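A.B. asks: Sequences listed follow chains A and B, in order.
For what it's worth, my numbering labels the leading residue of the first sequence as 1, then goes sequentially.
For what it's worth, my numbering labels the leading residue of the second sequence as 1, then goes sequentially.
What the hints contain is simulated information worked out from the structure, not anything from laboratory work.
What you are looking at is a predicted structure, and each value in this text was computed from that prediction instead of being measured.
Beta carbons are placed, not taken as given, at the ideal position from N, Cα and C, and that holds for glycine.
Check the hints yourself; a few may be wrong.
To be verified - Chain B is nowhere near these chain A residues, computed Cβ spacing over 12 Å in every case: (1) T43; (2) V49; (3) S153; (4) G158; (5) A168; (6) A181; (7) G198; (8) D210; (9) L253; (10) Q286.
Unchecked claim - If the Cβ cut is set under 10 Å, some of the chain B residues that face chain A in the computed set are: (11) G27; (12) D29; (13) L75; (14) M78; (15) L134.
To be verified - Ranges of calculated distance between the beta carbons of each label pair, as one might list FRET restraints: (16) A14/A with D233/B: 30 to 36 Å; (17) Q244/A with E146/B: 55 to 61 Å; (18) D248/B with E56/A: 45 to 51 Å; (19) A111/B with R149/A: 34 to 40 Å; (20) D23/B with M277/A: 29 to 35 Å.
There are 2 protein chains.
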Amino acid sequence: MSASEFDLIYRYFASLGAGLAVDLSVGDDCAILSLAPGERLATSVDTMVEGVHFPEELFPEDTGFRAVSVAVSDLAAMGARPIGMTVALTLPEADEFWINAFSQGLAQAVAEYRIPLVGGDTTRGPLTITVQVLGALPADQALLREGARPGDSVFVSGPLGDAAGALAFLNGQWQPAPDAAEYLLQRYNRPRARVELGQQLLGKATSAIDISDGLLADAGHIAAASGVALHIDPAAIPLSTALQSHEDSDTILRWALAGGDDYELCFTLPRDESAPMGCSRIGEVQAGQGVHTGLDSDLPTGFQHFS
Amino acid sequence: MSASEFDLIYRYFASLGAGLAVDLSVGDDCAILSLAPGERLATSVDTMVEGVHFPEELFPEDTGFRAVSVAVSDLAAMGARPIGMTVALTLPEADEFWINAFSQGLAQAVAEYRIPLVGGDTTRGPLTITVQVLGALPADQALLREGARPGDSVFVSGPLGDAAGALAFLNGQWQPAPDAAEYLLQRYNRPRARVELGQQLLGKATSAIDISDGLLADAGHIAAASGVALHIDPAAIPLSTALQSHEDSDTILRWALAGGDDYELCFTLPRDESAPMGCSRIGEVQAGQGVHTGLDSDLPTGFQHFS
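Extracted from the complex, chain A is given alone in its bound form (with noise of 0.2 Å):
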């Protein structure tokens, strides 16, 4: 990046580094920033490459909204508040256009969030954009993976497959009515990452995921790291309106069990903890191993996202 480039990107993010935990934000070698006494760090990375995690399609204000909701969702899916990130963007070219666009998704996700903009690095090459993610934690909690027991009931915190949906339609594979297609591409293009329930459940849930990969894999992970079985009932997940507007129902379970992207969290709740407000029991925990769902068809445990 020349001077003046630099002096363009800059322009259009310094205002994004104010924040309680801030004591130092963008301009110096480091940020510098604060926990309240006790309080332990909880940090994430994520990396979206143009044309592999997002279509080259996507407008950059979303681009930039939904690359910090993923990277904010493993932060929600710790329990963690989020106190600061750092953006690393690689850019073919400095086009103001598409910068301007770009920090404005971004100032809708640090607003959104309250998730300051501490630091960041510009380099030429492919759109990558990498985010780094710092929250906080409580001494003695935080939602792992591990900690789901038999007996534990499975929840999920709002529909799935909507993603898969969206990005059927972008593809041309699938072709909702217009409400439809507004709807699953809003859930695309700009998922909220789960950041108060994920501080709800803090001292409630015995383990917890944000579903990135596809339900069937992320719950593989908590029954992988808890050393159980997560039994769950295909005809209990939760799914939108306008994905039960797509006529086989057989694409539309397969998209809401292995479609990733949703950005929803999976979580165990001991059985008598009643579930949170907008959340769904999808299953119970028990002794074994792996994910079962009482179907007996090949569906695929991981998702491409985009590519």
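Since the structure of chain A is already known, use the hints to place chain B on it.
C.D. replies: Just chain B now, with coordinates in the frame of chain A:
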């Protein structure tokens, strides 16, 4: 990345995650780290793109070590103690030889700087490495770019221009003697972040920065942030014997003043403070602005790294 490719990478990297401050390392949605009571968090991010920030011929082992050193150098420039890092790696293909060698270089940097690898993401695309470093700072101390005062002395922590000389050799513009070439390549391929020096300077230095873009450019950041002028004596800049083997003294001086990638520290100390071991006094702070060398040549103030 397919599951098997992820397994391959995870196998190489998973052993690098243990550290004093690490409560939970790679394997859940986030890593969890603890600061000592009263400490603050310092963080910075650096991206390296192959063909832009390092030549394609760089051995993957050096690429791994160098990427960490460049990022850790920002912790050194703040006086922070490394506590952890994440590495986001975008790879064109899962080449086991490359991954093995790269991870060896990462492991050497983990040991050198005692900075455990607590998280990461691996994606498919043109080779890009983003390293986010986390460090600990005392509650009331940090080395900032602001704070230099008229009368302070200006120091650098070691010889400058070696990396620029190495790039001239790599680009076929200079053919130094074999032992000089070996030294210069080592300086470029294996920069040593001045982590211990940075921590020694806490409470003593009035300002500090690491020299990544060249002395003139980086000293300029101190001058601008502090609202002062830095007067540098070119004859006082330490030069390696290898660099001085070049026949043209103007070229040597240009590399020392404007060549980047050396990752030495430039810092200011009150006049009565003695120089730390191995550091050279190269000038003084005066009222005014900008960086002054007494030379009337048109030296470039920015630095283009590799390409």
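A.B. asks: Could you run down the list of hints and mark each one as holding or not?
C.D. replies: The hints, checked one at a time:
At roughly 5 Å from the closest C-beta of chain B, the C-beta of T43/A falls inside 12 Å, breaking its exclusion from the interface. At roughly 4 Å from the closest C-beta of chain B, the C-beta of V49/A falls inside 12 Å, breaking its exclusion from the interface. The claim that S153/A is not at the interface with chain B holds, since no C-beta of that chain comes within 12 Å of its own (minimum 20 Å). Every C-beta of chain B lies more than 12 Å from that of G158/A, the closest at about 17 Å, which supports listing it as non-interface.
For A168/A, the shortest C-beta to C-beta distance to chain B comes to about 21 Å, beyond the 12 Å cut-off, and the non-interface label holds. Residue-level check passed: A181/A sits 28 Å from the nearest beta carbon of chain B, beyond 12 Å. Non-interface status of G198/A relative to chain B is broken: a Cβ of that chain comes within 12 Å, the nearest being about 9 Å off. At the 12 Å boundary, the C-beta of D210/A falls inside the reach of chain B, the nearest C-beta of that chain being 6 Å off.
The Cβ of L253/A sits about 22 Å from the closest Cβ of chain B, beyond the 12 Å cut-off, so the non-interface label holds. Against the 12 Å criterion, Q286/A stays outside the reach of chain B, whose nearest CB is about 22 Å from its own CB. Look at G27/B: its Cβ gets to within about 8 Å of chain A, closer than 10 Å, so that hint holds up. With 10 Å as the threshold, the beta carbon of D29/B comes within range of chain A, its nearest partner Cβ sitting at about 4 Å, so the hint holds.
Checking L75/B against chain A: minimum C-beta separation of about 6 Å stays under 10 Å; hint holds. For M78/B, the suggested interface contact is upheld, since its CB lies about 4 Å from the closest CB of chain A, less than 10 Å. A cut of 10 Å between beta carbons decides the hint on L134/B: the least distance to chain A is about 7 Å, and the hint holds. Distance hint check: the CB atoms of A14/A and D233/B are about 34 Å apart, consistent with the given range 30 to 36 Å.
Distance hint for Q244/A and E146/B: a CB-CB separation of about 59 Å, consistent with the stated range 55 to 61 Å. In this structure the hint that D248/B and E56/A lie 45 to 51 Å apart at CB holds, the actual value being about 48 Å. About 39 Å separates the C-beta atoms of A111/B and R149/A, a value consistent with the hinted range of 34 to 40 Å. Distance hint check for D23/B and M277/A: the Cβ-Cβ separation is about 31 Å, which falls inside the suggested range of 29 to 35 Å.
The structure is inconsistent with the numbered hints 1, 2, 7 and 8, although it conforms to all the rest.
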